[in-house]
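A.B. asks: We have chain A; now place chain B onto it with these hints.
Chains A and B, in that order, give the protein sequences. Just so we're aligned: 156 in my numbering is position 156 of the first sequence, and the numbers increase by one with no gaps anywhere. Count along the second sequence from 1, then add 1000; that gives the number in my numbering.
In short, the hints are calculated from the structure, not lab data. Given the structure is predicted, the values throughout are model-derived calculations rather than measurements. Treat the hints loosely; a few may be bogus.
As the list claims (entries may be wrong) - Partial pick of chain A residues on the chain B-facing surface, computed with a CB cut under 7 Å:
#	residue
1	Gly40
2	Val41
3	Leu44
4	Asp48
5	Lys49
6	Pro62
7	Asn69
8	Glu163
Every residue, glycine too, gets a C-beta built ideally from N, C-alpha and C.
Here are the chains, one letter per residue:
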Amino acid sequence: MPPAPKLKVLFVEQDKAKADIVLAALDAAQYQVSHLPSAGVSLLKEVDKAQPDLIIMDLESPSRDVIENLNLISSLNPKPVVMLSEQYDRDTISTLVKSGVSAYVVGDVNAERVKSVIDVAMARFEEYQQLKTELQQAKQALGKHKALDQAKAWLMESRQLSEREAYQCMRKMAMNQGKKIEEVASDILSLAAALDS
Amino acid sequence: MQTAKKLEKTELDIGFMPLTDCAPFVVALERGFFQRYGLTVRLHKQNSWSALRDKLYEGLLDAAHMLAPMPLAASLGLDGYGQQMISPMVISRNGNAITLAEDLRQQLGQDWSEPNGLRSLLQDLRDSGKRLRFATVHPYSCHYYQLRSWLRRCGLDTGQVDIAILPPADMVTALAEGDIDGFCVSGPWTARAVREQVGVTVLSSVDIWPNFPDKVLGLLQSWYQLYPNSCYALIAALCDSSQWLANSANRLEAARVLCRPEYLDARLEVVAPSLLWSCLRSADSDPLYIPELNQFYQHDLAEHYSPRPGYGEFLLAQMAEAGQIPRAENGAMDFTEETNLKKIFREDIYWCAREIYAPC
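With the rest of the complex left out, here is chain A:
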C-alpha cells in the first residue's frame, strides 16, 4: 500500500525564533511544510499556488483578515486554520472555533501536541464545511419552493385557476420550453412583477 500523501501545511510567522519552534514540531514525515515569513500578497499567492490543506498562524498575525476573507467571504477555497497563541488560555480563545478557525495550540508547542491539534482541525473543518453545504442546499431548496409557490399563487389569482390547474399549467410550460419548472416559476414572477406594477 502506498504511503498516505503528506498533508500540505502553510505556516505564516515573521519571528524567526518562534517559527523555528513550530517548524521543529511539525514532523517532516507527515507534513509538507512551507513557511512564509511575511504575509500580504505573498500569502495570497502561496495559497493559490500551493493549495495548502491547512494554514497555521498566530492569533495576532496581521494576516488574520486575509485568511478570514478567504474562509468566510470568498467561499471559493476555504482552508482550516490552526491559530497559535502564547498569550491566551484555552477557554479564552474557544470561540475562535466558531469563526472558521478550526483549532488552536496554546503555549508549549511540541510534536505530539501539534499533530493532535492538526487532526482535530482537519476533522472539525470537514464537519463545518459539510454543515455549510447542507445549509446552502436547504436554503436553495427553500428558495425554489418559494418561487414555485408564489408563481402558483399568482396564476391562481389572476387566471382563476385551481392549485392543481396552476401547477399543471407551469409543468406544461416547462415541458414545452425545455426548462426546469423553477425557471418557469421565476419567469412568471418577473412577468407578474411587470404586469402588477
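C.D. replies: Relative to chain A, chain B alone:
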C-alpha cells in the same frame, strides 16, 4: 432628566487599530478625558480587525474602534459567530482614499487626476484584457464598499476586477511591487504611498460617500446591559476628545502623539497631513485642502456622533450589492425585515449619554 450614576466598571480595556482615525481614543487617554468621567482606560493596539473583534467577543476588550459595518456584520452572523454587537457612537468620517500605482499615473499622463481620463483608461485596460487588481482592508468595511462604488462609477463591473484583502501595512509594498494596481485604505497609509512615491491618490472618500461614518465605537450588547453607566461615560469622554480635535493647533499635537511607537509608529509627515485637512496627491503636485477630511466633530452638531439606523440601511444595500447577503427575487433584501437596525445602531444610547453629560 437623567443624571450621572455610579459607574459599574471603571477600568476599561479598549482595542484600536493603528490608523489616523483612532485619534479620539488616543487623545481621550493622553489628555485625560477618560479620567474626567471616572474611567481608567488601557488602550490595546491590534494587528487585525478579526483579532480585535474576537477579543470583544471573549471579553478581553470592553469596547473598540471599529469599522462601521462590523457591528452590523456581527449581528447578522456574517462573521460566523452571530453575537449581538452594537454601535452607540460614530467615531470618524471621511478618512479613506483611493490610491493608484505610479504605473497607471504614467499611462494617464499630465491630467492624471482628471476623472474622465481615469475612467477611460480603466475601461481601455479592461477591454485590452488586463484584469485590474485592487486591495482593501476588510470585507465588511466602508473601504471595500467605497472601492466597489467607485469602480462602478468608472463603468467597471466589479466582476471584472479582483479585490484582495490585505493588511494595511502590506498595501504600500504591494503597490510598489506591482502586485496591485490600487487600494482603498485609511490614513496614514495613503499619505505613505504618496510620500514614498509609489502611488498617487486620485480621490478621497469625501468624493465617494461624503460624510458617511468610517469608524464607530463598537461593543457587545451584553456588555452594555452589564455596564450602561460606564458606556455613557465612555461616550462622553470620546465626545470631549473629538471636540478637542476640532482645531488645527490641537490636531497637530494629536498627530505628534499618534506617531509614537505605541500608537501608529509612523512619521509625522504621513500622519499630520490628513489631520490638517491636507490630502496628499502626488510627490510633484500640491496637496488638496479638504476641510471634511478625518472628521471627528462638527461644530454645534450633536447629531454628528449619532449612529443612525439609516446608516445600517445603506450598508445593508452595499452588502447585498457585494453579494455578502442574499437579495430576494424581487430585488429587495432578505435581511431588512428581520433585522431591527435600531438594535444595532443604538442612537438611543448615544442620546442618553448626551442627556446625562449635558455639555459633552
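A.B. asks: Hints first: check each against the structure and report whether it holds.
C.D. replies: Structure-based check of each hint:
| no. | hint | result |
| --- | --- | --- |
| 1 | Gly40 | 3 Å, holds |
| 2 | Val41 | 4 Å, holds |
| 3 | Leu44 | 6 Å, holds |
| 4 | Asp48 | 11 Å, violated |
| 5 | Lys49 | 14 Å, violated |
| 6 | Pro62 | 4 Å, holds |
| 7 | Asn69 | 4 Å, holds |
| 8 | Glu163 | 21 Å, violated |
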